[in-house]
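Work out the full structure: start from the sequences and follow the hints.
In terms of numbering that gives the first Met the number 0, the sequence shown has 35 at position 36, counting the first letter as 1, and numbering is strictly consecutive.
One or more hints might be untrue.
Unchecked claim - Simulated restraints, written as ranges between beta carbons of each label pair:
(1) VAL2 to ARG69: 26 to 32 Å
(2) PRO50 to GLN12: 28 to 34 Å
(3) PRO80 to LEU56: 18 to 24 Å
(4) SER86 to GLU52: 17 to 23 Å
(5) ARG10 to LEU56: 18 to 24 Å
Since the hints were made in silico from the structure, they are not lab data. Glycine included, C-beta positions come from ideal geometry on N, C-alpha and C.
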Amino acid sequence: MGVLTYRYLVRGQVQGVGYRHFVVKTANQLGIKGTVKNLPSGAVEIYANIPAERVQLFENVLQEGPFLSRVEEVIRETVEPTLSFESFSVTF
0 MGVLTYRYLV
10 RGQVQGVGYR
20 HFVVKTANQL
30 GIKGTVKNLP
40 SGAVEIYANI
50 PAERVQLFEN
60 VLQEGPFLSR
70 VEEVIRETVE
80 PTLSFESFSV
90 TF
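Below, the structure written as structure tokens:
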């Protein structure tokens, strides 16, 4: 199927609880490339190039989050596939 590109907005208690580090670690384990950053609103924004067969698994992990987080909502939107990443990293 190939690689899909998505933007995720994750809301809830997701800042100050290791959520970005958790996303980077998970993405690296799944072969996903992209970025994750905190937003002033308190949400976390993720851009990701995801192998099609790993989309559901990645989304399940985003919803679960690390131990101290409390994810209330994960919103996915399709992004133009022109966004390409070499690795997965935290941006500021």
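Hints not upheld, ascending by number: Violated: none.
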